[in-house]
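Whole structure, please, built from the sequences with the hints as guidance.
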Amino acid sequence: MRPIIRWLCASIFLLLPVLALPLHAEPLRLNSGVGAPYFMPDKKGFLDLLVPEVFRRIGIAAEAVRYPAAERALINASNGLDDGMALRIRGLEKLYPNLIRIDEKIIDNEFVAYATSVRFATTGFDTLKKYQVGYINGWKIFESGLVPDTPVTKVQDADQLFALLAQNRADVILFERWQGNHIIREHGIKAKMLQPPLATTEMFMYLHTKHVRLVEPAARALRAMKADGTYQRIAAQSLPTIPAK
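Per the working numbering: the sequence shown = residues 1 to 245.
A hint or two may mislead.
Listed next, the in silico DSSO-like pairs over lysine-lysine satisfying Cα-Cα at most 30 Å (straight line) [unchecked claim]:
id, residue 1, residue 2
1, K192, K226
2, K226, K44
3, K105, K43
Since the hints were derived computationally from the structure, they do not count as laboratory data. Keep in mind that this is a model prediction, so the values were computed, not measured.
This is the structure:
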């Protein structure tokens, strides 16, 4: 046998184990644009812990990855560059048919008010109309919810938003509960979360259509985690609480 033929045969033989690897040799990547405490530098954020465990239970390696821009995360998941999304609202599949919702809620996103000096029940957006209110520009849930003539200060990011509160330049600021609790605790801001939430939205994981066969098993795994207490332990470990009104 000629040397070149022997070399080719040997190379193909060495490649056979690689070609026989399972389809999901690389971890699935489920992305999101949210920040701490969903993602943490030590990989002990809520999504850091929850996503791998859900898929571990069905024999698949997976990880949650964070994008600074939520829009980029969505595009990458829809185009199949990533394998899915870790935390999005119900109904995304209607706008992005390449994404399939895992039909078991991952968490409730609660949109709440924080205050340092005023205390009242936030039973609706109309309860805010006599206060100076701050929120991040572009958060549609607040833009559409606030009643006309509510005094508003809009900012560009969470740092600016919580600075308004810390510097008494707003009576109330509006944000998402778990990320807000994390910022308040990390920065030692003397603020209370007002109750009840102004709005609550169920959040879900999504997979790209190329992983359609994993959708139902993943939903069952998440339900099992809730039933056996694993979900509650992850939430207690990773989601910060602060005193409420």
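So, going through the hints one by one against the coordinates:
Restraint check for K192 and K226: satisfied, since their Cα atoms lie roughly 29 Å apart, inside the 30 Å limit. For a cut-off of 30 Å, the pair hint linking K226 to K44 stands: about 18 Å separates their Cα positions. Between K105 and K43 the CA atoms are separated by roughly 22 Å; this keeps the pair inside 30 Å, and the hint holds.
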